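Colleague: Chains A and B supply the protein sequences, listed in that same order. Letter by letter, the first sequence follows residues 14 to 151 of the working numbering. Letter by letter, the second sequence follows residues 338 to 470 of the working numbering.
Rather than coming from a laboratory, the hints here were simulated on the basis of the structure. Please read these numbers as outputs of a predicted model, since none were measured by experiment. Just to be clear, a hint being listed does not mean it is correct.
Some, not all, of what chain A presents toward chain B, calculated at C-beta under 8 Å [stated by the list, open to error]:
#: 1; residue: 61
#: 2; residue: 77
#: 3; residue: 78
#: 4; residue: 93
#: 5; residue: 94
#: 6; residue: 96
#: 7; residue: 110
#: 8; residue: 111
#: 9; residue: 112
#: 10; residue: 113
#: 11; residue: 114
#: 12; residue: 115
#: 13; residue: 116
#: 14; residue: 124
#: 15; residue: 126
Rough simulated footprint, nothing fancy, chain A against chain B, three-plus residues with beta-carbon under 8 Å [what the hints assert, rightly or not]:
#: 16; segment: 393-402
#: 17; segment: 415-429
Glycine included, each C-beta is placed from N, C-alpha and C at the ideal position.
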Amino acid sequence: MKLVKDNASEKNVGLLGKGVEVNGDIIFADQLQVEGKVTGRMISENGTLIIGETGRVDAQVEVNVCVIHGVVNGNVNARSRVEIHKASRVSGDLATSVLVIEEGAVLNGAVGMNQADISLPKEIRYQDSDEKIKAKGA
Amino acid sequence: MRRWIELSRKIMSLATELMSLIKPRRADSNAKTQAPVTLRIAGYNLILMDHDGQVVWTNEWDTGGIFDLRPHHSISVFCKFTNHSSNEAEISEYEIELVAEDGLVLKRFGSSFGDSVIVMPGQSKVFSGQWRL
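Just chain A, same shape as in the assembly:
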């Protein structure tokens, strides 16, 4: 009996095929691949958006990971990572923590940071971190 769920096999993967056009907001959970055209907004708190070579997104994107092979016109806000692959064209500002750009990709926009504020460091190599932070005038 399996006690641990196999998340990979239960992942909800959606496909918006070539020739399909959507106007409006798209909210998804795990993963969505776009080979058609989307106009509006694309939102996923923890999901991955893959824009295929034939995909065109004229939308505001707010996701966890955004992998781009096609065309994007709009701002992309990806909490963890943005990948822009060759032959893709992006016009819009990017906000992310990790940006991967392949040679040949076109990016026309500003790149900034988007990373959740760190309330307290979970992994710290020094236990006495307060002592290591330099106190000036103390």
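With chain A's structure known, arrange chain B on it following the hints.
Modeller: Showing chain B alone in chain A's frame:
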């Protein structure tokens, strides 16, 4: 006439042997030069250091899943540090480490400041680095 035929056969067989010795070497050398260099990245660390090179603060993040960094790819990493202590944090140098799934550090890059950067209590600073494979 026979001698000539035998001699030419011998020369041919020697040439074939020589070719068989040379070919595998060529194949090996090609395999080495064409070996793909791909880094499978699962996360990244930020390490902040003071002017003595002592680690002041460190943290790690995941990249939202494992991904491959291949030749002709460049990567930019943005890390945010917020000083939640009641003291000023003095930072002279920082390093960003790209790590594999098993925690192995694949690449390390960073920068140092001529004058230390002071992060006041409650304030944040973004440390970024770029690297190309």
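Colleague: For which of the previously enumerated hints does the structure constitute a violation, in increasing order of number?
Modeller: none
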